[in-house]
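Protein sequence lines, in the order shown, are assigned to chains A, B, C, D, E and F. In this text, residue positions in the first sequence follow full-length UniProt numbering: the first is 1, and each later residue adds one. In this text, residue positions in the second sequence follow full-length UniProt numbering: the first is 1, and each later residue adds one. In this text, residue positions in the third sequence follow full-length UniProt numbering: the first is 1, and each later residue adds one. In this text, residue positions in the fourth sequence follow full-length UniProt numbering: the first is 1, and each later residue adds one. In this text, residue positions in the fifth sequence follow full-length UniProt numbering: the first is 1, and each later residue adds one. In this text, residue positions in the sixth sequence follow full-length UniProt numbering: the first is 1, and each later residue adds one.
What the hints contain is simulated information worked out from the structure, not anything from laboratory work. We put the beta carbon where it would ideally sit given N, CA and C, even for glycine. Do not take every clue at face value.
As a list, the in silico EDC-like pairs of lysine to aspartate or glutamate whose alpha-carbon atoms are at most 16 Å apart [unchecked claim]:
| hint | chain 1 | residue 1 | chain 2 | residue 2 |
| --- | --- | --- | --- | --- |
| 1 | D | Lys98 | D | Glu130 |
| 2 | D | Lys198 | E | Glu243 |
| 3 | D | Lys185 | C | Glu10 |
| 4 | E | Lys185 | F | Glu10 |
| 5 | E | Lys98 | A | Glu129 |
| 6 | B | Lys195 | B | Glu231 |
| 7 | D | Lys49 | D | Asp162 |
| 8 | B | Lys98 | F | Glu130 |
| 9 | C | Lys98 | C | Glu53 |
| 10 | F | Lys98 | D | Glu231 |
| 11 | A | Lys154 | A | Glu231 |
| 12 | E | Lys98 | A | Glu130 |
| 13 | B | Lys98 | F | Glu129 |
| 14 | A | Lys98 | C | Glu130 |
| 15 | B | Lys235 | B | Glu53 |
| 16 | C | Lys98 | E | Glu129 |
| 17 | B | Lys198 | C | Glu243 |
| 18 | F | Lys98 | D | Glu129 |
| 19 | B | Lys195 | B | Glu182 |
| 20 | B | Lys98 | B | Glu129 |
| 21 | E | Lys154 | E | Glu243 |
| 22 | A | Lys98 | C | Glu129 |
| 23 | F | Lys195 | F | Asp211 |
Have a look at the derived ranges for each label pair, beta carbon to beta carbon [said to hold, decoys possible]:
| hint | chain 1 | residue 1 | chain 2 | residue 2 | range |
| --- | --- | --- | --- | --- | --- |
| 24 | C | Asn239 | A | Leu131 | 50 to 60 Å |
| 25 | D | Leu153 | B | Arg207 | 36 to 46 Å |
| 26 | F | Asn239 | E | Val186 | 43 to 53 Å |
| 27 | F | Gly100 | A | Arg207 | 34 to 44 Å |
| 28 | A | Asn239 | F | Pro223 | 20 to 30 Å |
| 29 | E | His56 | F | Lys195 | 35 to 45 Å |
| 30 | B | Gln17 | F | Gly196 | 51 to 61 Å |
| 31 | B | Lys198 | A | Val186 | 14 to 24 Å |
| 32 | D | Asp162 | C | Thr222 | 28 to 38 Å |
| 33 | E | Ile184 | F | Ala54 | 22 to 32 Å |
What follows is each chain in one-letter form.
6 protein chains.
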Amino acid sequence: MLLHLSTWQEVEAYLQQSQGIILPIGSTEQHGPTGLIGTDAICAEAISKGVGEATHALVAPTINVGMALHHTAFPGTISLRPSTIIQVIRDYVTCLAKAGFRKFYFINGHGGNIATLKAAFSETYVYLEELQNGHASLVQCQVANWFMCREVLKLAHELYGDQEGSHATPSEVALTQYIYPEAIKVVPLSEEVGKGHKIYGATDFRRRYPDGRMGSNPALATPEHGQQFYEAAVKELSNSYLEFVNS
Amino acid sequence: MLLHLSTWQEVEAYLQQSQGIILPIGSTEQHGPTGLIGTDAICAEAISKGVGEATHALVAPTINVGMALHHTAFPGTISLRPSTIIQVIRDYVTCLAKAGFRKFYFINGHGGNIATLKAAFSETYVYLEELQNGHASLVQCQVANWFMCREVLKLAHELYGDQEGSHATPSEVALTQYIYPEAIKVVPLSEEVGKGHKIYGATDFRRRYPDGRMGSNPALATPEHGQQFYEAAVKELSNSYLEFVNS
Amino acid sequence: MLLHLSTWQEVEAYLQQSQGIILPIGSTEQHGPTGLIGTDAICAEAISKGVGEATHALVAPTINVGMALHHTAFPGTISLRPSTIIQVIRDYVTCLAKAGFRKFYFINGHGGNIATLKAAFSETYVYLEELQNGHASLVQCQVANWFMCREVLKLAHELYGDQEGSHATPSEVALTQYIYPEAIKVVPLSEEVGKGHKIYGATDFRRRYPDGRMGSNPALATPEHGQQFYEAAVKELSNSYLEFVNS
Amino acid sequence: MLLHLSTWQEVEAYLQQSQGIILPIGSTEQHGPTGLIGTDAICAEAISKGVGEATHALVAPTINVGMALHHTAFPGTISLRPSTIIQVIRDYVTCLAKAGFRKFYFINGHGGNIATLKAAFSETYVYLEELQNGHASLVQCQVANWFMCREVLKLAHELYGDQEGSHATPSEVALTQYIYPEAIKVVPLSEEVGKGHKIYGATDFRRRYPDGRMGSNPALATPEHGQQFYEAAVKELSNSYLEFVNS
Amino acid sequence: MLLHLSTWQEVEAYLQQSQGIILPIGSTEQHGPTGLIGTDAICAEAISKGVGEATHALVAPTINVGMALHHTAFPGTISLRPSTIIQVIRDYVTCLAKAGFRKFYFINGHGGNIATLKAAFSETYVYLEELQNGHASLVQCQVANWFMCREVLKLAHELYGDQEGSHATPSEVALTQYIYPEAIKVVPLSEEVGKGHKIYGATDFRRRYPDGRMGSNPALATPEHGQQFYEAAVKELSNSYLEFVNS
Amino acid sequence: MLLHLSTWQEVEAYLQQSQGIILPIGSTEQHGPTGLIGTDAICAEAISKGVGEATHALVAPTINVGMALHHTAFPGTISLRPSTIIQVIRDYVTCLAKAGFRKFYFINGHGGNIATLKAAFSETYVYLEELQNGHASLVQCQVANWFMCREVLKLAHELYGDQEGSHATPSEVALTQYIYPEAIKVVPLSEEVGKGHKIYGATDFRRRYPDGRMGSNPALATPEHGQQFYEAAVKELSNSYLEFVNS
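If we strip away everything but chain A, and leave its shape as in the complex, we get:
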């Protein structure tokens, strides 16, 4: 059930049965010469819809732009600052908590969002508790990273080994190929690829990772792999969501 395709009265009815909601969050950032700028949002959205269908959960609209400041030396990247995201998450949760939602399950497509999301959850809890709303202490937020699902990691290791890398990975590229086969990019990739450098500011990042990839070989990706990743993630996160919402 998609929030955007529902009416407020349908949401009112839904709340009689469940106080859980799935919030896809991605990023708008370079993903190397062949990865889509929307990769992280596309993956999070597709998997969220899959989990929503499997669990009859409500799915919020996708947060398309996340914390990608270190990618901003590449054109096309858009990033919020952490302090902005903290306010955004607080606003989302506050509105939905007012309506009766209690369990916020963020399906996340971007590693760079994790730290800021956790900071935002802490800020949101204290915000709600201080307002002394009766329900404040019942609000719970969780971040679920599809790319860290046990089966996903296992599959990526089997298919790509070392060439999975850590950004613009074949696994995420495969998933976008499965979802948007019409947008598969074929561009020659240099054999050398930046690898193993710590992440600091944007200028530094581009210096160390000149084509945007981090140790990955996305040329290995296929839409068929993408489907496998999709199914593994949906299955695992569906169980995880149900466990969360029923705890």
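Since the structure of chain A is already known, use the hints to place chains B, C, D, E and F on it.
Chains B, C, D, E and F alone, transformed into the frame defined by chain A:
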């Protein structure tokens, strides 16, 4: 050309030819008993894609949540605060301006966003000018409201007269029916409908507009009307975008 | 009744009879070669006092500086940022609401304030509602632009036609001449005047409007016209205030 | 020379001769049963105009609302928060510094503003220095409290001794009587008056100072005294301003 | 009793007997060629511990970094901005007030902190009052400057006369020598020393006070003097704390 | 070399040889019935000093209060909000970067700080890059958690196995016992201990972890263990610091 389906190198190439970008912005808010909560985002996104195709412009991912605080007494509504939106817009424009974009064309689906967007633009200009980036004084933002296109207003008047109202209108509902025919809602509407009250806070709003509609009769909407609105808006905004980007 | 010339006990007594208050808001910005920098504040203040007298309403001190960022390339302009104004308005309304005021009627002298004021009102409502003050949902803010009064527009059209323009207009200059006849400026104006350009940042604004006027010919202004504008605005806004406060 | 009664070209000419500006700052707060709510703003404004005339300095519009949070349990008080004032001062100084002003002389009518003003100056300096504007290190702000002028203190001591107190004092009431003789209030004052308590929050303040006075007997004030205070303050601050602006 | 060496259950027991807490606040800033960068924090911490022992009061961990923006042109200085400190103090007081503390006694080692602390207290009171916590109006904050104790001033005058100066003073240097005799610095000092200049931004400050001292001769300091200052301050502030906490 | 025991001229000399600095960051939060509230700050500070000695690095004063909002239902806990910490870190790094520091090595004693520190680093990088300081892209921040050192984890596993738990652990308690043997607490611990629950808000946390421990048995701690942890951490982090600063 959709930013989310492009690579950073494609964006780099695009910037050689154009410094313009289209940014769809909607809202996630109640639209009466039959209107979709995502109405404003859905309409802005569809029309943006249409304008993008017609003008070969780059289209950013949709800003799904806007300024809908006055709707938050209805479940399912999510709103950012104006102060949050100001930061969000500043972050978007700053990132894209750094990459070389100069003309930001926001295609907007929600009247409640207009004031805050204008405030955000002002805040963004001074932010960029103070940093003394060479390009700061070239950055220009514009908001284009599809529902205020001359042809759209004319058509709505012809089709619905007084029953167009000002929220959960048949014209926007028709447009969503055209885009998502599978999500057409049929629910009996009360004959009486709130009308003509000024907008203050959320509690007050729900008191005056008990089912969420503002003077509208969305039962008049059809997908065929929706197509007409779509075409009128795409045509008019395409011209407007080209004029903006070439000025 | 002027707040600044009252005691707190007089305010306490006033609140027994009315929960309304008038807040003049202007701007401190260039108004072309002959317009006073204080034009918008002067006009808002004078008309507010007139409305206060006509309706026995309390009048707050004038907010002299508003949202005039686009004028800051001209010396003498002072502007708050939208994010600052949002905090200022929230602070004003919160203090006065705590004392029992419920109806906030901002008489505004500057078009550039409107969007930010609306954003500020929304931010203030949610701020008060979240604190769960009993009275939060009764607080109502309204912005009344004297220069958009029906009679004012009509009179400006009759007197100046096209030469009214949209900034440093003869109507507002006339009004300041009526209020401060000792500060009438006589300076030759160039025949050419910037006109019809959209407003972006401050540098851009000055480039397009080199002497600060926007399509106006303030040389047409006379103090006698000013008096007519004053009387028309006071009359119309007095009715509007009473309607608001009694609704 | 009043900024509000000048044109931008007159300001441009002024800047050729001086980079100094006087900014009156007051407060909108209870001043006991006979003191005007606008006392601090009225005094600061009148003295600023006097100093401006004596020194040919430009005088900005009055900041009517300051830091009076501890008075907000009395109706009619309006206060900004310190964090808001910091932004307001930063905005004022930034705009004026951009135009070429370097010496900011705040003539202050309210003791409660001093700490926040100092904090705001520090925040403003670092803000300007970080932007690396060439002129940043030349910007200087100073707060001058008329009620702490040597001659003012001496006169108050001679006229009122212990009954001067520290809020709603006869000296400031006298000054408003001189400026607005038509607004002299005559109300019996209780013989007992709160005195010597430290200042914490608003509720606590009203508990300790039930009629708003702090150890003062404003019944001693006369308009003639007011004139003496006015003249002493204008003389002393004129010298102080010239010293500042010429240093 | 040091908070950092206590358990939460010991704090719980303490709160049965007292709702007071001592919070040392210093600064991390240059103190001339022989003064320690930690001088203000070291002094505040040592004296706080002494007062805590004498009065059986709980002592919080030291706030090591304060408002020292004007010293930031000297390497080693770290400063928070006033707006940051306001948030820090609000967070501290809010957490401790939630646990039951009511009396917050800040023992301060740096003149530059005073204004910002006062602003922060005001901001904190209104924050707590608006949340309508029952205890909000009982929260009281006070700043106690050890260097302004009557006996300390007297002693400094006797020992150093004019050479005490106002920054990097022999009295504070003596106190650090008493606490850290192993860190006594011996460096020749120029005979000339900056003196009497007002404080503006950091660049200006270093221009006027080239070696960081303000009119002081810290070569006069001895550890024995330091002990005298320590004892005088602990005695006076112990009385002051008890008076505060029992009022 | 401790920043607090140095002069600014010593720091100036240090910068000729190194641009690295160690910043200890802890927390002020409950650590169960026998753990010190200052545990995380005490450990971070002691290890930082050890690393500073071993590597001749400068050590900043300890950040005593971190992100411990989830512990605030236990008395004695003090926490900053994530948004406050972001500002604090930005202020620290900005000041020190201005003086020439480039490598910021945060030795951290509290798991709850990690996410917020990462967010703060990102916010700081973009802040510095936008100001276009020449050195901005050279600034690098890193967080090093002593409790996650390989040898520390191994030792904790050997000594305590499952009873190490994840908060108020015997390893951190042991370390504080080594540093402050005079503050060893002996209190009977319940056999049952909360374990394995996710962390949400403060009220929820105390409900699930009633005595503050998370699956740990701190009764196993001894000062001798503490010394072993200390030495292991100092050794490993010294290497890590040198690698960082020389990279």
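Results for each hint:
Straight-line distance between C-alpha atoms of Lys98(D) and Glu130(D) comes to about 14 Å, which keeps the hinted pair within the 16 Å bound. Between Lys198(D) and Glu243(E), the direct Cα distance comes to roughly 12 Å. Compliance with the 16 Å bound is thereby established for this hinted pair. For the hint linking Lys185(D) to Glu10(C), the alpha-carbon distance of about 10 Å falls within 16 Å, and the restraint holds. Straight-line distance between C-alpha atoms of Lys185(E) and Glu10(F) comes to about 10 Å, which keeps the hinted pair within the 16 Å bound.
Between the alpha carbons of Lys98(E) and Glu129(A) the distance comes to roughly 11 Å, so the proposed pair stays at or under 16 Å and holds. Under the criterion of a C-alpha separation no larger than 16 Å, the hint pairing Lys195(B) with Glu231(B) is inconsistent with the structure, at around 29 Å. Only pairs whose Cα atoms come within 16 Å are accepted, and Lys49(D) paired with Asp162(D) is rejected, the gap being roughly 30 Å. Between the alpha carbons of Lys98(B) and Glu130(F) the distance comes to roughly 10 Å, so the proposed pair stays at or under 16 Å and holds.
With a C-alpha separation of about 25 Å, the suggested pairing of Lys98(C) with Glu53(C) is violated against the 16 Å cut-off. A C-alpha spacing of about 47 Å is found between Lys98(F) and Glu231(D), which places the hinted pair above 16 Å, so the restraint is violated. Of the supplied pair hints, the one linking Lys154(A) and Glu231(A) holds, its CA atoms being roughly 13 Å apart against a limit of 16 Å. Restraint check: the Cα-Cα separation between Lys98(E) and Glu130(A) comes to about 10 Å, which is no more than 16 Å; the hinted pair holds.
Using a Cα cut-off of 16 Å, the hinted pair Lys98(B) and Glu129(F) holds, with the two alpha carbons roughly 11 Å apart. Restraint check: the Cα-Cα separation between Lys98(A) and Glu130(C) comes to about 10 Å, which is no more than 16 Å; the hinted pair holds. Between Lys235(B) and Glu53(B) the CA atoms are separated by roughly 11 Å; this keeps the pair inside 16 Å, and the hint holds. A distance of roughly 11 Å separates the Cα atoms of Lys98(C) and Glu129(E); the hinted pair therefore holds under the 16 Å criterion.
For the given pair, Lys198(B) sits about 12 Å from Glu243(C) by alpha-carbon distance, which is consistent with the 16 Å threshold. Between Lys98(F) and Glu129(D) the CA atoms are separated by roughly 11 Å; this keeps the pair inside 16 Å, and the hint holds. For the given pair, Lys195(B) sits about 30 Å from Glu182(B) by alpha-carbon distance, which is inconsistent with the 16 Å threshold. Distance check on the hinted pair: Lys98(B) and Glu129(B) sit about 13 Å apart at the alpha-carbon level, within 16 Å; holds.
Between Lys154(E) and Glu243(E) the CA atoms are separated by roughly 22 Å; this puts the pair beyond 16 Å, and the hint is violated. Pair hint Lys98(A) plus Glu129(C) holds up; C-alpha atoms about 11 Å apart against a cutoff of 16 Å. With a C-alpha separation of about 12 Å, the suggested pair Lys195(F) and Asp211(F) falls inside the 16 Å cut-off, and the hint holds. For Asn239(C) and Leu131(A), the hinted distance range of 50 to 60 Å is not satisfied, since their beta carbons lie about 39 Å from each other.
The hinted range of 36 to 46 Å is not satisfied by Leu153(D) and Arg207(B), whose Cβ atoms lie roughly 56 Å apart. Between Asn239(F) and Val186(E) the beta carbon distance is about 36 Å. The supplied range of 43 to 53 Å is therefore violated. At about 21 Å, the CB distance of Gly100(F) to Arg207(A) disagrees with the hint of 34 to 44 Å. Distance hint check: the CB atoms of Asn239(A) and Pro223(F) are about 45 Å apart, inconsistent with the given range 20 to 30 Å.
Distance hint check: the CB atoms of His56(E) and Lys195(F) are about 37 Å apart, consistent with the given range 35 to 45 Å. A C-beta distance of roughly 57 Å is found between Gln17(B) and Gly196(F), which places it inside the suggested range of 51 to 61 Å. Checked against the hint of 14 to 24 Å, the pair Lys198(B) and Val186(A) fails, with Cβ atoms roughly 57 Å apart. The hinted window of 28 to 38 Å between Asp162(D) and Thr222(C) is violated, with their beta carbons roughly 57 Å apart.
A hinted range of 22 to 32 Å for the beta carbons of Ile184(E) and Ala54(F) is consistent with their spacing of about 25 Å.
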